[in-house]
Amino acid sequence: MEGSLQAGILTAARRGKPAKPVCLACRIDALMMCYRDHQGPGFDAEFKNFTGPDPQGMSYFQFIDTLQSIADGVLFGATYSLLGIGFTLVFGVMHKINLSYAAASIGAAYASLIVLSVVKAPAIFIFLLAGLSGGIIGGVIYIVCFRFIPQANPLATLMSTVGALLLIDEIIVHATVGIPVPYPALFSDVIVNAGPFTLRGDLMFMFALGCLSMLLLLGLLYRTKLGIATRAVSQQPAAAQLCGISIPRVNGLTFVITGVVGGIAGAMIGAAIGVLSPLLSLPLTTKGLIVTVIGGLGSIPGAIIAGLLVGGFENLFQYFRGVTERDLYVMLLLFAFLVFRPGGIFSPAAGRD
Amino acid sequence: MDFYLGLAQIVGVHTLLGLSAYCVLLTGQVSLAQAGFFAIGAYVAAMLTVLAGWHILPAIVAASFVAGVVACAVGFPALRVKGLMLVVATLAFGEAVRLFFFNFDYQVARGEVKIGPAGGEGFRQIRFFPEHGWSTLDVLLFIWLFVALVMAALWWMDRSRAGAVLRAVGEDEVAAQSAGINVTAVKVAAMTVGGLIAGLGGGIFAHYTAHIEHAQFGVALATFAIAYPILGGLSSVFGTLIAVIFVQGFLIEGLRFLGDWRNLLFGGLILLAMNVRPRGLIDAATIAAIKRMRVRNREPGNARTEGAE
Amino acid sequence: MLELKGLSKHFGGVRAVDSLDLNVPQGEVFGLIGPNGSGKSTVVNLVCGLFPATAGQVLLRNEDITGLASHVRVARGVTRTFQNIRLFGQLSVWQNLWVAQNAVEHRSENFLRRWLGGPGRAREEIDRILEFSDLSGKRDELAGNLAFGEQRRLELARAIVAKPALLLLDEPAAGMNAEEIDQLDARIRKLKQDGLTVLLIEHHMELVMAVTDRIAVLNFGQKIAEGTPDEVQTNRLVQEAYLGVAEAA
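Chains as they are written, first to last, in my numbering: chain H, 4 to 356; chain G, 2 to 310; chain V, 142 to 390.
Honestly, the hints are just simulated from the structure, not real lab data. Even glycine gets a Cβ: it sits at the ideal position worked out from N, Cα and C. Honestly, I wouldn't trust all of these hints.
So the derived list for chain V, only partly shown, Cβ under 8 Å to chain G, looks like this [as the list claims (entries may be wrong)]:
1. 259
2. 283
3. 345
Label pairs and their calculated CB-CB ranges [stated by the list, open to error]:
4. 107/G / 257/V: 34 to 42 Å
5. 339/H / 193/V: 23 to 31 Å
6. 83/G / 69/H: 54 to 62 Å
7. 272/V / 344/H: 39 to 47 Å
8. 215/H / 176/V: 52 to 60 Å
9. 234/H / 146/V: 41 to 49 Å
Counterexamples of contact, computed for chain H against chain G with all Cβ distances above 10 Å [said to hold, decoys possible]:
10. 94
11. 126
12. 195
13. 231
14. 234
The following block holds chain H by itself, in its conformation from the complex:
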C-alpha cells in the first residue's frame, strides 16, 4: 500500500502557494481522508513536509505536470467509464436509473476481499471474484428493486434503489465497523519512465483491464443472442415480447452483467487507491451519473469516452485549483454539456414517442 501511495502522489500546485500533496484517496472525494491536514489512515506522515517543485523550473515542470495529471486522470477514468456503462446500460434497457449501482460495485469489491481471504488465491483473481460478486449483487438488486414494482411507476423504482443504496452502505459499515479496509494494489511498484513522464504500473494495468472488460461487454452485446435480445428490449419492449423474448429475464440478466462490470470497476478503484471505504459510494454515484449523462443516456461508446474525459478533466482541475474545488468544476463541466449538448456526446437515436 505504501508503494501505491508513494507512486501516486499528485502534486497540486496552487498559484503562489506551496504545493500541497494530495493522496490518491482524495481522488474520489476530497472528504475521503485527508483534505484537512493530510492526516488519516493511508497517508504517510513523511509527505507532510513536501515542498513542491523548484520555483525556477516551475513553468516547464508545470507543463509536464499538467500533462502527467491528465494522463493519470485518463487512465483512472477507465473506472468511471465502467461505472458509466453500468448506469447507461440499465437506462438503455429499462429507462430507469439504478442509484445503488456504485454502492453495489464497492460492495462487490468488499465481498471479493472476504472471499479472497478465505480462498487463498493469488491477488490477481480478486478482479474475477469482484466481478462474480457484482453479478450476484446485481441480480439481487433487480429482484428487490425492479422485478415486482410496476414499471409505470418510475418514482417507486428510483426510491427502491435509494433504499438499496442505503442498505448496502450500512451492511458495509456494519461489517467493517466503519474502518477503511486495505485493498491489494497490483503492480503498484511498477513505474515506467517515458521521458519526463511517469506511467504508473497499477494505473496502466487498470486501464488495460478496463479496456478488456469493455471489449468483452461489447462482444456480448453485439455478437451473442443475449446481447441482441437486450438491444431488442431496449428499443421496442412490446415487439420483443411478441418475438418470444422474456422481458424480466433480459432485464435481470442485464443487471447481472452490469453487476459484473461494476464489480470489476469497484475492484479497480480499490486497487488504485489502496483502500476501500463506505464513504466511496456516494461520490462515485455522482461521478458515475455525470459520466453517463455526458456520454449520452443509453450510449455505451459515449460512457466510455465520457469516463476518460471526466477522469482527465478531474485531474486537470485538481492540478490548477486544488482538491477542494475540483469537483465543483466537474459539476460545471456537466452543466456546460447540458447547455450546449444536452443529448450527451453520443445521443442515441431518437426512440419512440
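Since chain H is already given, all that's left is putting chains G and V on it; use the hints.
Same frame as chain H, but now just chains G and V:
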C-alpha cells in the same frame, strides 16, 4: 422530555424539506436539488443573524426569498433536461452548492473571535436562539408555526385549480399543453415555490442546530427530501408529514430498540415499502376511499355531495 | 376560419405533409381522410402547435398562428382531442375539465380567484358540459377508472371546455361501437349548431360521410381531392389511393 422536543424540531424542519420536494414532484420533475436550496437558506439566514445582526424572522424570510430566486433560475434550464437526466442535473446542482459552501470563507472579527462561515469547517456559533432567551419549547413552536402555515397553504393549493393543474402537468405534459396550460410557467413556478419552502426550512434549520457545515447538505439529504413525499404518497401533504414522522422517529427513536441495526433496517424498510405500496402511503385510491367514507357519514338530509376534488 | 398555406412538415427525408393548401370555412364540419400514413395526424399536430412546421403557414381567422406555442393557440380558440386517449388518469373527471378552462374569458379572470379559488365558481359551466357529454354521474370518478366510451366522451368534453372556435378531432370514433358512434354524430351536429367549426380526422367512412359538409383527401402528405362527401366518394383518385389501381387484365 427535551429529547422528544428535539425530535419534534427535526420532524418539523424535515417536513418543510419534504414539502418543498412535494411541490416540485407534483409536476413530474424529480429534483435532487432541494437540499441545495435548503443549504442556501441555511447559510443566508445564518449570515444575516450572525454577521448582520438581523432578527430571525426577517432573516429566514430573506433566506427563503434568495433560495426561491436561485430555484427560479434553476427552473428554466431544468426544462430542457428531460426525465431522468433531470435527476442527475439536479443532483449535480445540489453537489455544486455544497461544494461552493465547502470552499466559502467569510469571516468577520468580533473582538478576538472570528465568526462566519469557514469553508470546510462550517459555520459555527449560530446563536440567535440562546442569545435571545428562546427555550426549546419556544423554538419548537416557532418551527411548527411555519410548518403549519406551509402545510395549510399547500393543502389549500391542492384543493384549488392550481393543484389540479400541477398534477395535470405531472401526468402528461403534451396533453396539458394541448389543453391550454402553459407548462413552462407551471414547472418553473413549482420549482420556485419548492425553493422558497426549502429556503425557509434551511434558515430555521441553521438556527436550531447552531452549527452548519457543507457535509450536512449532501446527496443523503437530497434523497431524503424526495423520499418523504414519495414514501408518503403524492396525493396529500399529510402523506409527507406522516412519512417524516415515521422516518425520523424510526431513525432516532429506533435507537432505543434497534440500536445500531436501525440504519440497516431503514434501507430495507424503504425497499419493502416501495414493493408493497409503490404509490406511497396515501395514494389517490386512499383519498377516494376517505372521501366516500365522509360522504356516507353525512346526514341523510344533506343532499349536495362534497365539493368536487 | 382555418387556412393552411403551403404547409409542410419533413421528418428527415420523410415528407409527412407536403405543401398543403386547405381552407375550412367557419361553421362547417370539415373531414380529413386518407389512407394510413397520409399525414392526417401530422396536420392536426401542426395546426394545434405540437411541433413546428418545416414550411408554410397556419392562419386562424386570417391571423398567422404558425409560430405560436400550443397553449397560446388554445387561448386563440383551437383545441383538439387525441387519437390515443390522453386523459389525466389520476385526476377526477371534474378536475380534467377544470384544468382545461383556458379560454380568453377564463384567463381574464382575477388571477388569485382563478388559480387559488375553490371549485365553486366553475361549477355551473363544467356541469353543463358534463351533462352534454353524459358524464354527470361520474364527476368525482378518477379518469383512469372510466370505461372506454366514457373516456372518449371526456376527451371530447375537455376539448370544448376552453370554448374553442375551431375543434380538431383526431379519430374520435376509433374503437367505438355503433351506438357510441351515433351519439358522437349527434354531439358533433349539436356543436356545429352552437357555431363551432370542426376539423374531423376519421377512418369510419359512414360517420365521415354522414356528418361532414366537405372533405379533403390526403395521400402521402398531399391533397389529392376535395369536395362534398358525394363528390369525394366517386372520385377515382380517392378510390385508387384507398383500394389501389386495378391491374391490367
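Practice item. Would you pick out the hints that fail for this structure and give their numbers low to high? Key: 3, 6, 7, 10
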